[in-house]
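Listed below, chain by chain, are the residues.
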Amino acid sequence: MSGRTFTLDGQPVPFTEGETVMEAALAAGVYIPHLCYRPGYGHHGSCKVCTVAIDGHNAASCTTRAREGMAVETATPELADMRRALVEMLFVEGNHTCPACEKSGECELQAVAYHIGMAAPRFDFFFPARDLDASHPDVILDRNRCILCELCVRASRDVDGKNVFAIGGRGIRARLIVNAASGRLGDTDLAKDDAAVRVCPVGAILRKGDAYTKPVGQRTFDLRPIAAVAIEEARRERERRRG
Amino acid sequence: MADRKLRIATCSLAGCFGCHMSLLDIDERILELAQHITFDRTPLNDVKKIGPCDVGIVEGGVCNAENVHVLKAFRRNCRILVAVGACALTGGVPAMRNNVDLWDCFQEVYQYGGGIEDGQVPNDPELPLPFDKVHPVHEVVRVDLSLPGCPPPADLFWKVLTDLVAGRTPTFDRTLVHYD
Ligand code: SF4
Ligand code: SF4
Ligand code: FES
Chain A
92 MSGRTFTLDG QPVPFTEGET VMEAALAAGV YIPHLCYRPG YGHHGSCKVC
142 TVAIDGHNAA SCTTRAREGM AVETATPELA DMRRALVEML FVEGNHTCPA
192 CEKSGECELQ AVAYHIGMAA PRFDFFFPAR DLDASHPDVI LDRNRCILCE
242 LCVRASRDVD GKNVFAIGGR GIRARLIVNA ASGRLGDTDL AKDDAAVRVC
292 PVGAILRKGD AYTKPVGQRT FDLRPIAAVA IEEARRERER RRG
Chain B
44 MADRKLRIAT CSLAGCFGCH MSLLDIDERI LELAQHITFD RTPLNDVKKI
94 GPCDVGIVEG GVCNAENVHV LKAFRRNCRI LVAVGACALT GGVPAMRNNV
144 DLWDCFQEVY QYGGGIEDGQ VPNDPELPLP FDKVHPVHEV VRVDLSLPGC
194 PPPADLFWKV LTDLVAGRTP TFDRTLVHYD
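Residue numbers (this note's numbering), protein chains in the order written: chain A, 92 to 334; chain B, 44 to 223.
It is possible that some hints are incorrect.
[Unchecked claim] In silico DMTMM-like pairs for lysine to aspartate or glutamate, Cα to Cα no more than 20 Å straight-line:
id, chain 1, residue 1, chain 2, residue 2
1, B, 48, B, 97
2, A, 283, A, 229
3, A, 139, A, 108
4, B, 176, A, 164
5, B, 115, A, 164
6, A, 305, A, 193
7, A, 139, A, 110
8, B, 202, B, 182
9, B, 176, A, 110
10, B, 176, A, 280
11, A, 283, A, 184
12, B, 115, B, 223
13, A, 253, A, 215
14, B, 92, B, 75
15, A, 305, B, 223
None of these hints come from the bench; they were simulated from the model.
None of these values were measured; they are calculated from a predicted model.
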């Protein structure tokens, strides 16, 4: 332990060398909203929901290393508005029909939207045509709900050692692709207990048959806000690493 | 305020009336509310034409030409327009047809769906012109307040209506917000 600190909204936050602002904040019990970051997985920095102001400049807290004496702000009206706009964009660029989604109540996109106070997206909806892959016996892939966070890509490659997923295409045409000649999930070695299946923060990758084992109203984020869940998840990951 | 009753209109566009049912779910509190509000056009009293109102409550998305006329009349007549429910806010379940060809959709529903004999797609000129996509309300008119939920909980209706009756800007906390 080096005894080094930075300030987060004026409060001192300790960190160890190499830690990101996000990791140090979560360890100090401060939740910074995030979607593509997950404790224990490689950093990605694509959703920008975790953006904070560092010495006056905006930066993704999940990919920025903590430095001695930096002044970080997260709870400002400007950042709150920007985060809300980013999350609203994620809602309108996919097809998110929460009332008909198996993931509702367990979904991190939805829970982050609750946290940041989104009543409804302000933008026009894209209603894009996206396909659904039901070819796998145990897992369904619904691209309507994919937010391109690449967590499944990282999990399959780094944890499962399988490399089932990748992102193909660019910009608005980017989409999750499946590494099989047919492009179908059923032709891969994905198994229902793979980390890649569990890690999806939204209802894009789902285990078949599990959907309604827990009733709506009694699900994770129906009972607890995502801030508390994320801080606890980060603590478990730190304990796991310490062994 | 409270010396004059708040005049409220409601309608259901491409919705299922679930939001209206949730409003009625405030149960006996409706008696208290009735002392402070009066209804203009609403399916609850079957009045079809809207006049000047304080508050317009819109359930459902916009799926046909008639929805647009009703919605625009609400916007013209209501000081505060409140969009309620997933369908009004996002298109909701009706918008799940947005990537299905409209004619395919009609044929499935009226001709080939389970249990249908000699079905045909309705084609009466009286019927409103359907759109190829269902749109949320805010894409057509300006919305002053959005109440999420499928349906929004009765307590959310209660909180917002009592705020409006008291002349306060409506606020509600996160525990009343669910998109499902
Ligand atoms: S993935 Fe999440 S945000 Fe999208 S429809 Fe499902 S519950 Fe809603
Ligand atoms: S399928 Fe899920 S985990 Fe994979 S990129 Fe899409 S949202 Fe992320
Ligand atoms: S959580 Fe940091 S960019 Fe997505």
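Results for each hint:
no., hint, verdict
1, 48/B <-> 97/B, "9 Å, holds"
2, 283/A <-> 229/A, "6 Å, holds"
3, 139/A <-> 108/A, "23 Å, violated"
4, 176/B <-> 164/A, "42 Å, violated"
5, 115/B <-> 164/A, "43 Å, violated"
6, 305/A <-> 193/A, "10 Å, holds"
7, 139/A <-> 110/A, "18 Å, holds"
8, 202/B <-> 182/B, "26 Å, violated"
9, 176/B <-> 110/A, "48 Å, violated"
10, 176/B <-> 280/A, "38 Å, violated"
11, 283/A <-> 184/A, "28 Å, violated"
12, 115/B <-> 223/B, "27 Å, violated"
13, 253/A <-> 215/A, "38 Å, violated"
14, 92/B <-> 75/B, "26 Å, violated"
15, 305/A <-> 223/B, "14 Å, holds"
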